[in-house]
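Note that full-length UniProt numbering numbers the sequence shown so that position 139 is 139, with each residue one more than the last.
Because the hints were derived from the structure by calculation, they are not lab data. Don't take each hint at face value.
Subject to a maximum C-alpha distance of 30 Å in a straight line, what follows is the list of computed BS3-like cross-link-like pairs (lysine-lysine) [said to hold, decoys possible]: (1) 102 / 88; (2) 119 / 66; (3) 42 / 145.
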Amino acid sequence: MITFKIKRFNELSTTELYSLLQLRSEVFVVEQNCVYQDVDGKDEKALHVLGYYNDDLAAYSRLFNKGYYFEETSIGRVVVSPKYREKKFGHDLMRVSIAAIKENFNETAITISAQEYLKKFYESHGFVQTSVMYLEDEIPHIQMKRS
């Protein structure tokens, strides 16, 4: 079973910060072979959703209040460790992230910039495509919204 913690940037321990940056780098930079600036100066403004499986960081996302990243609240850097993908923790992560936006920001409208190949995954969580495909760091993305 996966357990979640939701923390503001200044509440993260150095170990938690290191683990989340390591996971993001492992997937978004190394696995996806994409050289980009993951440490983008936005983490300080985000709520961080950390999912642990047996004390190991298995899933992560960051949440932004409306007006900071998009006009609506948003979820980004959605990632599940490759070693735990068969456990389908991404669905748990999205349910917790959506609930955390409602609880912390009192909002239900959410916008995401989704990798295009994950369209059906996000649709299963109530998101609908609202843009044509665009390249973000040379990876096909689409904007999706949930009301």
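> Does the structure break any of the earlier hints, and which numbers would those be?
Replying inline: Every hint satisfied by this model.
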